[in-house]
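Protein chains in written order, with UniProt numbering: chain A, 1 to 189; chain B, 1 to 439.
No incorrect hints appear here.
In silico contact screen, one side only, chain B against chain A (beta carbon under 10 angstroms); selected entries:
1. V24
2. E370
3. E379
4. S382
Please keep in mind that the hints were generated in silico from the structure rather than gathered at the bench. As the structure is a prediction and not an experimental result, all values here were calculated from the model. Ideal Cβ placement from N, Cα and C applies to all residues, glycine included.
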Amino acid sequence: MTAEALDRNNRASERKWRRRSLWSLLVLIPLALAVESYDSVKALLGNNDLFPRRVAWGESARFGGSDWKLTDLRGAFGMSNLPPDSVPVLADFQVKIGDPDLQKLWLGCKIVLVDKDGRRWSPTSIVSLKTPDNVGNCISAIFSGAKSGDTLDLRETFLVPKEATKSVRPSVSVASERPRFLLFQLEKD
Amino acid sequence: MLAVAVKPLVLTLRLWWRFWPQLVAMVLLGIVFGDLFMQVAARAALLNHMAGLALLTLVALTQLIVTVAMFQTLLPALPAVRAAQQAAQGESETGPAGGSARLARMITVALLPFFAYYAAWGFLGDTVRQYSRVALDMAPFGEGAGNVLDVLDSRWLIVSVVISWLIRRFATAMQKRGGSRSFWQIVVVICETNWIFIGLYVISRWKDEAIAWIMSRNIFSALQAAADGATHPIAGAFAAPMVPVEVTSVDTTTRLVNLFFYMLLPVIWLVLAALIYGYDVRDDKELMRVHRRVERLGERYRAIPKFLRDFAEHFISGYRSRYLPIANGVRITLSSGVVLIVTLIVGYRLIDWLAAWAWLGMTRLIGPHELDTWQVLSEGVSLLFGSPFQDSSTGILVEPLRISFLAAILETAFALPKRQVGESGQPSGPTSPAEAQHA
Numbered sequence: 001m002t003a004e005a006l007d008r009n010n011r012a013s014e015r016k017w018r019r020r021s022l023w024s025l026l027v028l029i030p031l032a033l034a035v036e037s038y039d040s041v042k043a044l045l046g047n048n049d050l051f052p053r054r055v056a057w058g059e060s061a062r063f064g065g066s067d068w069k070l071t072d073l074r075g076a077f078g079m080s081n082l083p084p085d086s087v088p089v090l091a092d093f094q095v096k097i098g099d100p101d102l103q104k105l106w107l108g109c110k111i112v113l114v115d116k117d118g119r120r121w122s123p124t125s126i127v128s129l130k131t132p133d134n135v136g137n138c139i140s141a142i143f144s145g146a147k148s149g150d151t152l153d154l155r156e157t158f159l160v161p162k163e164a165t166k167s168v169r170p171s172v173s174v175a176s177e178r179p180r181f182l183l184f185q186l187e188k189d
Numbered sequence: 001m002l003a004v005a006v007k008p009l010v011l012t013l014r015l016w017w018r019f020w021p022q023l024v025a026m027v028l029l030g031i032v033f034g035d036l037f038m039q040v041a042a043r044a045a046l047l048n049h050m051a052g053l054a055l056l057t058l059v060a061l062t063q064l065i066v067t068v069a070m071f072q073t074l075l076p077a078l079p080a081v082r083a084a085q086q087a088a089q090g091e092s093e094t095g096p097a098g099g100s101a102r103l104a105r106m107i108t109v110a111l112l113p114f115f116a117y118y119a120a121w122g123f124l125g126d127t128v129r130q131y132s133r134v135a136l137d138m139a140p141f142g143e144g145a146g147n148v149l150d151v152l153d154s155r156w157l158i159v160s161v162v163i164s165w166l167i168r169r170f171a172t173a174m175q176k177r178g179g180s181r182s183f184w185q186i187v188v189v190i191c192e193t194n195w196i197f198i199g200l201y202v203i204s205r206w207k208d209e210a211i212a213w214i215m216s217r218n219i220f221s222a223l224q225a226a227a228d229g230a231t232h233p234i235a236g237a238f239a240a241p242m243v244p245v246e247v248t249s250v251d252t253t254t255r256l257v258n259l260f261f262y263m264l265l266p267v268i269w270l271v272l273a274a275l276i277y278g279y280d281v282r283d284d285k286e287l288m289r290v291h292r293r294v295e296r297l298g299e300r301y302r303a304i305p306k307f308l309r310d311f312a313e314h315f316i317s318g319y320r321s322r323y324l325p326i327a328n329g330v331r332i333t334l335s336s337g338v339v340l341i342v343t344l345i346v347g348y349r350l351i352d353w354l355a356a357w358a359w360l361g362m363t364r365l366i367g368p369h370e371l372d373t374w375q376v377l378s379e380g381v382s383l384l385f386g387s388p389f390q391d392s393s394t395g396i397l398v399e400p401l402r403i404s405f406l407a408a409i410l411e412t413a414f415a416l417p418k419r420q421v422g423e424s425g426q427p428s429g430p431t432s433p434a435e436a437q438h439a
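Take these sequences, add in the hints, and give me the full structure.
As structure tokens, then:
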């Protein structure tokens with residue numbers, strides 16, 4: 001083979017590999033991105049409430065192996081010793097236990113208030129209102145030893161700015177269900 | 001003079017434009033396989049710590065193979081480097097090898113220096129750290145698996161090296177018998193990588209221990225106190241006053257040492273490139289001619305009794321025939337003029353610097369997000385530009401440019417008129433009989 005023919009041959013094979021590589025990029029870039037970001041995406045999905053499941057007022061929804069129902073959401077106006085323009089808000093739930101393995105299913109249980117702008121409020125312990133003995137909260141319910149078929153009353157207390165009270169809605173999330181979470185609607189919605 | 005500085009830059013862009021799809025695809029393959037092997041190694045470590053460590057070798061080997069393959073891809077566009085290779089091939093009478101065999105040989109040649117570089121720059125520690133982190137993720141709090149790195153301190157390490165040595169012996173025997181040669185070549189390469197990897201890591205650990213031991217002795221502190229007293233007789237008598245950190249300054253020696261290492265990295269990479277391309281340039285005559293003293297060293301070596309020489313050759317001959325040509329290639333490159341070396345250092349660091357700024361600029365462009373979201377976004381940014389927080393990570397936009405730049409510098413060095421004149425004026429002699437045997 002002459003040097004010229006060899007050169008032409010090399011050129012052709014180079015062009016072939018260039019084309020092949022270009023096509024392979026279509027697969028390799030998403031693949032590399034997926035391989036690299038797998039752990040971060042898993043953490044993102046496992047730690048965050050991303051996809052809401054709306055629950056209409058008065059209805060219950062199966063979540064974390066149990067049936068959750070919002071029974072009340074009200075503000076406790078007129079309390080003293082609070083920061084100005086802030087209102088304590090109480091959210092009451094009734095949960096009918098289905099799968100009793102709460103220590104696994106309800107791990108990382110988080111009840112928060114979300115307003116129309118996406119702001120979130122976690123429960124507070126600044127405001128201590130008297131609650132009946134049989135009312136617990138999400139975390140205490142995990143260790144209550146409730147059996148399948150039991151009904152638990154849960155209450156969380158929040159402190160939110162007065163202007164937000166109109167639009168806040170309670171949401172419930174547990175590690176076993178994230179990134180999905182329950183977003184309860186009110187009667188007026 | 002300016003032309004020497006500009007030529008490699010133009011060539012870099014031309015190389016990059018001609019080969020970017022292949023180069024980017026290779027970087028991506030390296031990322032995918034590196035990550036895959038890391039996971040496999042960590043999983044194997046849960047079963048057996050030694051197996052995990054042995055598989056970890058593959059992670060570093062992947063990086064080396066990708067680098068070598070990228071340089072190999074650029075070869076058709078480097079006429080001067082190819083001419084030098086062909087000239088050397090004619091001299092040493094080695095037949096033209098096939099593509100995969102060539103690649104395997106280049107990797108064997110690059111193995112030891114690459115790992116030495118890898119260890120010296122702390123990438124080896126990086127890889128090992130990353131590995132122990134992945135293993136810890138899989139077994140929270142070390143449950144069941146324990147500390148996956150404990151084998152590094154155990155005597156079992158020797159067993160592992162012995163096993164890989166035996167496998168290597170078997171593979172070389174099979175290779176000689178014929179059959180699937182390139183397969184056995186790969187086995188040999190993996191075995192060698194294994195003990196170089198383990199050996200270097202252990203040496204670096206033992207070095208730390210040895211230093212710690214010396215530092216813990218009272219002799220040293222006594223000596224140090226004496227030395228301090230001698231150099232600063234009065235200042236040492238007073239307690240050092242508190243100085244705010246803003247006012248302190250880095251002394252000139254430290255700055256010079258830092259500058260030296262800052263400049264050394266590009267040069268080392270050029271040496272790696274020269275070694276990857278230069279594996280065929282086998283001629284120790286040219287190297288020996290460097291200095292009369294070196295020449296005398298060679299003569300003195302030949303005067304050693306034959307049985308002793310045989311004994312030594314048994315261990316070093318393979319490496320000698322491998323690294324002599326490389327020393328040659330390096331000498332050619334480093335003697336190619338100050339302008340080119342300065343272009344190399346500045347250009348290499350400029351690419352680094354631009355990549356870091358591109359990373360930063362990208363983060364500004366994306367703006368603030370929650371930590372978990374950012375963690376995902378940062379993976380995408382790092383895929384493009386490499387992560388400034390992870391030394392050995394490579395970005396698909398930066399790595400091809402870097403490799404093209406190094407190849408362009410080497411090509412310019414080989415194409416310099418000075419060298420061509422030197423070659424025709426000093427035709428290199430035939431290879432020594434010892435070299436011909438090992439070739």
